[in-house]
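Trainee: Here is what each chain is made of, one letter per residue.
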Amino acid sequence: MVGSLGGYEMQFDFFTWFGGLWDWIWGILLWFWGIIKWLVIWILDIINGIWALAAVPENFMFLFRAVVMPGLIFLLLALIFTVWFTRKIWARVQDRRGPTHLGKYGGYQLFADAVKLMAKETIIPDKAKRWMYRILPSLLLIIVLIPFAFIPWDPYWNIMGPPGQAFGDLSVSLVLIFALLTAVPVFSLLIGWVTGSKYSLIGGFRSANNQFASEIPMVISSVGPAMLAGSLSMYSIVAAQTSIWYIVLLPINFATFLVASIASVGTFPFDAPVADSEIIFGWRTELSGIYFTVVYFAEFAEQMLYSAIMVALFFGGFNGLPFLPGIVNFLIKWLVVYFIFTVVTSSFYRLRQDQIVHLCWKYLLPLSILNVVLVMFAIVYIPGLLPLVIGG
Amino acid sequence: MSPDILDEASEIWFGPQHVSAHGWATKLTLVGDYIVECDPNAGYFHRSAEKCLEFRNFRQGSMILERICMMEAFLAEYPYIAAVEKIVDLEVPERAKIMRTIMLEFNRIHSLQFWWGQFAGELGLFAMLLWPWVDREYTLDAFETLTGSRHTISYETPGGVKYDFTPTFLSKMEIALSRVKERMPVFEDMLAGSPTFRLRTEGVGHYTLKQALKWGLSGPNVKACGLPMDLRKDDPDPNLAYDMIDWEVPTIHNENHPGECDAFDRLLQRFKEIETSLDIIDKLLPLLPEGPIVDPKARAKANRLPEGEGYGRVEGTRGVTTVWLKTMEKAQTPWRAKIRGPCFASYYSLKHIVPGARFADFPAIFGSLDPYPGWWDR
Amino acid sequence: MGFVGNLGDIFKILKHVFRQVFRRPFTYFYPFEDRPYPERTRGRHIHVRENCTACGQCVRACPVAAIRIDKEDKKFEKDAALYFDYTRCIFCGDCVSSCRFDALYHTPIVDISEGDRDDLVYGPDKIETLDRDPLEWRGRRFR
Numbered sequence: 005m006v007g008s009l010g011g012y013e014m015q016f017d018f019f020t021w022f023g024g025l026w027d028w029i030w031g032i033l034l035w036f037w038g039i040i041k042w043l044v045i046w047i048l049d050i051i052n053g054i055w056a057l058a059a060v061p062e063n064f065m066f067l068f069r070a071v072v073m074p075g076l077i078f079l080l081l082a083l084i085f086t087v088w089f090t091r092k093i094w095a096r097v098q099d100r101r102g103p104t105h106l107g108k109y110g111g112y113q114l115f116a117d118a119v120k121l122m123a124k125e126t127i128i129p130d131k132a133k134r135w136m137y138r139i140l141p142s143l144l145l146i147i148v149l150i151p152f153a154f155i156p157w158d159p160y161w162n163i164m165g166p167p168g169q170a171f172g173d174l175s176v177s178l179v180l181i182f183a184l185l186t187a188v189p190v191f192s193l194l195i196g197w198v199t200g201s202k203y204s205l206i207g208g209f210r211s212a213n214n215q216f217a218s219e220i221p222m223v224i225s226s227v228g229p230a231m232l233a234g235s236l237s238m239y240s241i242v243a244a245q246t247s248i249w250y251i252v253l254l255p256i257n258f259a260t261f262l263v264a265s266i267a268s269v270g271t272f273p274f275d276a277p278v279a280d281s282e283i284i285f286g287w288r289t290e291l292s293g294i295y296f297t298v299v300y301f302a303e304f305a306e307q308m309l310y311s312a313i314m315v316a317l318f319f320g321g322f323n324g325l326p327f328l329p330g331i332v333n334f335l336i337k338w339l340v341v342y343f344i345f346t347v348v349t350s351s352f353y354r355l356r357q358d359q360i361v362h363l364c365w366k367y368l369l370p371l372s373i374l375n376v377v378l379v380m381f382a383i384v385y386i387p388g389l390l391p392l393v394i395g396g
Numbered sequence: 024m025s026p027d028i029l030d031e032a033s034e035i036w037f038g039p040q041h042v043s044a045h046g047w048a049t050k051l052t053l054v055g056d057y058i059v060e061c062d063p064n065a066g067y068f069h070r071s072a073e074k075c076l077e078f079r080n081f082r083q084g085s086m087i088l089e090r091i092c093m094m095e096a097f098l099a100e101y102p103y104i105a106a107v108e109k110i111v112d113l114e115v116p117e118r119a120k121i122m123r124t125i126m127l128e129f130n131r132i133h134s135l136q137f138w139w140g141q142f143a144g145e146l147g148l149f150a151m152l153l154w155p156w157v158d159r160e161y162t163l164d165a166f167e168t169l170t171g172s173r174h175t176i177s178y179e180t181p182g183g184v185k186y187d188f189t190p191t192f193l194s195k196m197e198i199a200l201s202r203v204k205e206r207m208p209v210f211e212d213m214l215a216g217s218p219t220f221r222l223r224t225e226g227v228g229h230y231t232l233k234q235a236l237k238w239g240l241s242g243p244n245v246k247a248c249g250l251p252m253d254l255r256k257d258d259p260d261p262n263l264a265y266d267m268i269d270w271e272v273p274t275i276h277n278e279n280h281p282g283e284c285d286a287f288d289r290l291l292q293r294f295k296e297i298e299t300s301l302d303i304i305d306k307l308l309p310l311l312p313e314g315p316i317v318d319p320k321a322r323a324k325a326n327r328l329p330e331g332e333g334y335g336r337v338e339g340t341r342g343v344t345t346v347w348l349k350t351m352e353k354a355q356t357p358w359r360a361k362i363r364g365p366c367f368a369s370y371y372s373l374k375h376i377v378p379g380a381r382f383a384d385f386p387a388i389f390g391s392l393d394p395y396p397g398w399w400d401r
Numbered sequence: 072m073g074f075v076g077n078l079g080d081i082f083k084i085l086k087h088v089f090r091q092v093f094r095r096p097f098t099y100f101y102p103f104e105d106r107p108y109p110e111r112t113r114g115r116h117i118h119v120r121e122n123c124t125a126c127g128q129c130v131r132a133c134p135v136a137a138i139r140i141d142k143e144d145k146k147f148e149k150d151a152a153l154y155f156d157y158t159r160c161i162f163c164g165d166c167v168s169s170c171r172f173d174a175l176y177h178t179p180i181v182d183i184s185e186g187d188r189d190d191l192v193y194g195p196d197k198i199e200t201l202d203r204d205p206l207e208w209r210g211r212r213f214r
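Residue numbers (our numbering), protein chains in the order written: chain Z, 5 to 396; chain C, 24 to 401; chain D, 72 to 214.
The following block holds chain Z by itself, in its conformation from the complex (with noise of 0.2 Å):
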């Protein structure tokens, strides 16, 4: 409508214009509170999904199993516990007592060393590259304990079930694993590389030529078991040795699988890369605090991987005594397991990083080869074995 005012025509009316202002305002703020209320809506619409999804009940198992029984929680408990047991097992062999303070037998000891690192100042040194060197250590815990995820407590309370239902393990978790543990030593040579310092830098090349001597044959002895129980997956490599244990029928095997994994994790006959009286503490040397505290448990979640490993592969996992809950028995023989590795560990001096490589490739790698040529010929020519060892 345009109005009038003494004779001229106005093409634009300003009262009107100004009536409308305040309309155009509020249609300004509602836009916004708009798309203010469609972005709370579709948080809380993704909130209520992952609440939902969780509370299925048995998406919400999972999830318990994954954090607290047999996961993260119980993963952190035990492996305090790995810590205190070897400590007592290195002073029994050194003829002396380990801790015995700090609570009942020295129980509450690893806490206090625990609390004391990490109240301890990091020191980084000047040449380091600094933020690889905070973020490396807590990156190499974290790629250990992973595969824990996949190791085969229980016949139910595990965090991957048996293959085939809901949270399946999966049917190549065994060569998983082992794509895991080979990232170890890849990131002890980078923590030795970025701390700066030559000493570290030579700690850090001999863990790397660790890695290329001992993985190979690791890997292949572990293919004797996934043959004989027929797949790759670790559950189902357990769950095939409800009648016999493979380690009787594999004992030479087992004895590969063993210094073959004491050489990858690099303690004691094959801790060159970290060896005390040569290069200080390898590529260790210059962690202090926090990050010092984390390699030292990773040191410790690996040896523990490897011991449950070698329970699963060769011992029978949860298979044993039937009245006992199977994580009992797997606990039972994890203990005795990783006792026995504590044990042989101790017991020999500490080889140069060539003796390693060259016993490596001239003596592990033949006799693991062998192992499994001769699996190969006893699954076909051996009637009745294939029943005996594909179990129910």
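There's no promise every hint is true.
[Stated by the list, open to error] In silico BS3-like links for lysine-lysine, alpha-carbon gap of 30 Å or less: (1) C:Lys361 x C:Lys256; (2) D:Lys86 x C:Lys295; (3) Z:Lys92 x D:Lys83; (4) C:Lys50 x Z:Lys133; (5) Z:Lys202 x C:Lys50; (6) C:Lys185 x C:Lys361; (7) Z:Lys366 x D:Lys86; (8) D:Lys142 x D:Lys197; (9) C:Lys324 x C:Lys74; (10) C:Lys295 x C:Lys204; (11) C:Lys204 x D:Lys86; (12) C:Lys50 x Z:Lys131; (13) C:Lys295 x D:Lys83; (14) C:Lys204 x D:Lys83; (15) Z:Lys202 x C:Lys374; (16) Z:Lys124 x Z:Lys108; (17) C:Lys256 x C:Lys233; (18) Z:Lys366 x D:Lys83; (19) D:Lys197 x C:Lys185; (20) D:Lys86 x Z:Lys92.
Don't read these hints as lab results, they were simulated from the structure.
Keeping the supplied structure of chain Z fixed, place chains C and D upon it in accordance with the hints.
Mentor: For chains C and D alone, coordinates are given in the frame of chain Z:
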């Protein structure tokens, strides 16, 4: 190796703060894993023992000497006492001579037990670090029963010894020695019989006899090459009892490389030394006569010494240890004392032994020469 | 060094280590157990003031000048007060062997650690008696 390879060499200080460098430093030039040059650098442990001796009289001086190397405290004190006895004419009773010799050999066993633990620990086996040291506890118990102190014993004095053998001490010494004897097979299994130990020490750190004599090595480091050069036989001290009995110098003859020795031979040599010491003690104990243990005029004569020079020598665990004293007329303290430690020669001989070995062999070579920082830095 | 020979050696070593794990350890559970100290152990001194004659031979014999004598401080007719500085004492035994009057002895007490450095200089009140304050640790009394 061509000189161009030194372009990619890296230098690393095997410095004083290092687990197996017991207070010394070396600048190593590495090419890859091999050591090309080794430049030893002593002096981090110097405590001016020779100057301290100039302010202490002749009974107090042995306190300084025994603290230079506490592991072989008897063997470290003795050259000083022998030097004083050469300046002044003192008559050492027979009982004291035999007691001194027994304790010197007992101390040699103790020092070698310490070395076993240290060497095995450096090579990585922490079990073998502490097992010989458990046996050392029995030995130190015996020392404490005799003298009152485990390491810094202050047992010898010019003219004799200070403390007499008691039946308790004799029984404790027998317990300690029998424990050494019964653990020898275990240690032979764990050391000489261990395949990993042989891998680490065979062919490592070898030198010929001529080189050893040129560098001034002595003691087990030379005897392992096959030459029975032992001060106890070549120049027996009249104040000790080595010439009273019949014994053989321990030597290793290796058929694979005669005239040379490597780290493994030196280990075997030290096993034999312990056996010889046990043998000497067994032969000397029944010969112990009754009598005084110190010259009665010693306190008066050793107070103010006439002018003269005295040169006392003893075959220590690591080689020949000597002390040279010079006194002025009616002096209560020496004018100058010079101590020669055997490890000084073995430490500087590293400069020639080590190049060509790998970096990881360095603790093996150094440990097998039985280092002790007290002797080269004093 | 055949393969079978090596294997035999390895099993012998493993046997030794396994046996060691199950034996009682050699260490004493200090401070609840302690080893027996022989009577000649050169621990802290004790000064028997009745026999002292203030001759000062112990002060002369000490290699590190850890003994100080105060001849004015007399309790009986001819004695003196001694101050032992345990931050300097090397427990060599020369002072005890130089005393002709049976006034100075070593005792087998070796746990003399203190919280304050000045408490380690034993004056005449401390050096003449073996009594000392017990140490409280975790609700138990030691010494």
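Trainee: Please work out if Z:Lys92 and D:Lys83 have their alpha carbons no farther apart than 30 Å.
Mentor: Distance of about 23 Å is within 30 Å: holds.
Trainee: Run the distance test for D:Lys86 versus Z:Lys92: straight-line Cα separation, threshold 30 Å.
Mentor: Between D:Lys86 and Z:Lys92 the Cα gap is close to 19 Å, so the pair holds against 30 Å.
Trainee: Mind checking the alpha carbons of C:Lys295 and C:Lys204 for me, to see if they're no more than 30 Å apart?
Mentor: This hinted pair holds, its Cα atoms lying about 12 Å apart.
Trainee: Regarding the pair C:Lys185 and C:Lys361, is the alpha-carbon distance no greater than 30 Å?
Mentor: holds (25 Å)
Trainee: Take a quick look at whether C:Lys324 and C:Lys74 sit within 30 Å of each other, Cα to Cα.
Mentor: holds (23 Å)
Trainee: Would you mind confirming whether the straight-line C-alpha gap from C:Lys295 to D:Lys83 stays at or under 30 Å?
Mentor: holds (22 Å)
Trainee: Would you check the hint for C:Lys204 and D:Lys86, treating anything up to 30 Å between C-alpha atoms as holding?
Mentor: The given pair, whose Cα atoms are some 20 Å apart, holds under the 30 Å limit.
Trainee: Does C:Lys50 lie within 30 Å of Z:Lys202 when you go C-alpha to C-alpha?
Mentor: holds (13 Å)
Trainee: When you check the alpha-carbon spacing of Z:Lys366 and D:Lys83, does it fall within 30 Å?
Mentor: The hint holds at about 23 Å.
Trainee: CA of D:Lys142 to CA of D:Lys197, is that 30 Å or under?
Mentor: OK: D:Lys142 and D:Lys197 at ~17 Å, within 30 Å.
Trainee: Would you mind confirming whether the straight-line C-alpha gap from C:Lys256 to C:Lys233 stays at or under 30 Å?
Mentor: Holds, at roughly 21 Å.
Trainee: Does C:Lys256 sit within 30 Å of C:Lys361, going by the straight-line distance between their CA atoms?
Mentor: Holds, at roughly 24 Å.
Against the hints set out earlier in the document, no violation occurs for any number.
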